[in-house]
Structure formats: C-alpha cells, structure tokens
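Student: Hey, can you work out the whole structure from these sequences and the hints?
For the record, the sequence lines run as chains Z and V. Numbers given in my numbering equal positions in the first sequence, counted from 1, plus 11. Numbers given in my numbering equal positions in the second sequence, counted from 1, plus 11.
There's no promise every hint is true.
As the list makes no split between identical chains, a pair holds if one copy fits it or if it spans any two.
Straight-line distance between alpha carbons at most 25 Å, and here's what the computed SDA-like set of lysine to any residue pairs gives [to be verified]:
no.: 1; residue 1: 24; residue 2: 65
no.: 2; residue 1: 24; residue 2: 94
no.: 3; residue 1: 24; residue 2: 69
no.: 4; residue 1: 24; residue 2: 45
no.: 5; residue 1: 24; residue 2: 57
no.: 6; residue 1: 24; residue 2: 36
no.: 7; residue 1: 24; residue 2: 97
no.: 8; residue 1: 24; residue 2: 62
no.: 9; residue 1: 24; residue 2: 37
no.: 10; residue 1: 24; residue 2: 95
no.: 11; residue 1: 24; residue 2: 93
no.: 12; residue 1: 24; residue 2: 81
no.: 13; residue 1: 24; residue 2: 96
no.: 14; residue 1: 24; residue 2: 14
no.: 15; residue 1: 24; residue 2: 35
no.: 16; residue 1: 24; residue 2: 76
no.: 17; residue 1: 24; residue 2: 42
no.: 18; residue 1: 24; residue 2: 34
no.: 19; residue 1: 24; residue 2: 66
These are computed hints drawn from the structure, not numbers from a lab.
Number of protein chains: 2
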Amino acid sequence: MSDALQGWERRDKPPTLFRRFAFERYAQTRAFLDALSALCDEFGRHPQNINFGTTYVNVTLEAADGQAFAPQDEVFAARISALAEQGE
Amino acid sequence: MSDALQGWERRDKPPTLFRRFAFERYAQTRAFLDALSALCDEFGRHPQNINFGTTYVNVTLEAADGQAFAPQDEVFAARISALAEQGE
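Tutor: Printed below as a string of structure tokens:
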C-alpha cells in the first residue's frame, strides 16, 4: 500500500450474493433447509448467513476464496436455487 | 380507542425474546439447529426468526398468543437454552 496509508490495514469484506426464498408453509421451508444442510455437506462449505422464519429463508453467500466470485460459487448458488424449485 | 385516534388502527408488534448462541465449530451449530427443529415439532411452534452462520445461531421468539409472554413461552425458551448446553 502507499505510504499515505501507513498505519492502516485493509479490511475488505468479501463480495456476497443474496437471495430470498419464500414458501407457503413451514413444511416446505423445513424441507428446503434440510436439503440445504445436505448440500453444504456435499460441497464442504456453508453460506455466510442463513436467516429464516416459518415461510422464508434468506441466504447470503460469499466468494469461496474471499475475494471474487468464481464458477464454483455460481454452481453452489445454482444448486441452492434448484433445491427451492424441487420443493414447489 | 379514543375519538382522537379515529382513522388509526393498532399495529402492535408482539413482544420478543432474543438470544445469541455461539459455537466453536459448525458441527456443533448444526447439531443445535437439528435439535431445535425437533423441539419445534414437539412444541408445534417455531421461533419468529432464526439467523445463523457457521458458528452462531441468533434466535428470536415471540409470545405464543402475540400479546404477552406466558409460562409456556418461558418453557420453550428454557428448552432451547438446554439444547445449547447439551452440545457443550
């Protein structure tokens, strides 16, 4: 970094992807969450945050390398979306 | 309601209880979430919101009757706390 920033450290946050999944009933929300847990095991990674109530699940993903989204992140996101479609 | 409030409607939010549960590893977080799901089935109710990442779970409960906390709400909260203690 430049001399002008001496004494400062970079604290960049990784880029994130957010999506809200809405469901009609808690049973559907629960099925999605269970499938998402299994998917996390399969990928060996976990969303940065999952925020849910009875009929919604908000998912925040961050780039796996902490810096930029790569094809593997897009695959993970797409697989999560597919789980929600299965439940419809 | 008084005449001064004609045209207005009450939009009270139910009282809520919040607690953050922190864990050292994702496996513990996951075990807590799984146990919490089972507890929700047992009680036939669900927290207003659950917000979790790899090593924390934030739980928000609302009064079951939407108006005031009753002993049943305290039992539900205490049982959730007990789940976290089991995992330690």
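Student: Could you run down the list of hints and mark each one as holding or not?
Tutor: Verification of the hints:
| no. | hint | in the structure |
| --- | --- | --- |
| 1 | 24 / 65 | between (30 Å within a copy, 17 Å between copies) |
| 2 | 24 / 94 | neither (28 Å within a copy, 33 Å between copies) |
| 3 | 24 / 69 | both (19 Å within a copy, 21 Å between copies) |
| 4 | 24 / 45 | neither (28 Å within a copy, 30 Å between copies) |
| 5 | 24 / 57 | within (17 Å within a copy, 32 Å between copies) |
| 6 | 24 / 36 | between (34 Å within a copy, 22 Å between copies) |
| 7 | 24 / 97 | neither (32 Å within a copy, 34 Å between copies) |
| 8 | 24 / 62 | both (19 Å within a copy, 20 Å between copies) |
| 9 | 24 / 37 | between (33 Å within a copy, 21 Å between copies) |
| 10 | 24 / 95 | neither (28 Å within a copy, 30 Å between copies) |
| 11 | 24 / 93 | neither (27 Å within a copy, 35 Å between copies) |
| 12 | 24 / 81 | within (16 Å within a copy, 42 Å between copies) |
| 13 | 24 / 96 | neither (30 Å within a copy, 32 Å between copies) |
| 14 | 24 / 14 | within (23 Å within a copy, 52 Å between copies) |
| 15 | 24 / 35 | between (34 Å within a copy, 22 Å between copies) |
| 16 | 24 / 76 | within (12 Å within a copy, 41 Å between copies) |
| 17 | 24 / 42 | neither (31 Å within a copy, 28 Å between copies) |
| 18 | 24 / 34 | between (30 Å within a copy, 22 Å between copies) |
| 19 | 24 / 66 | between (29 Å within a copy, 18 Å between copies) |
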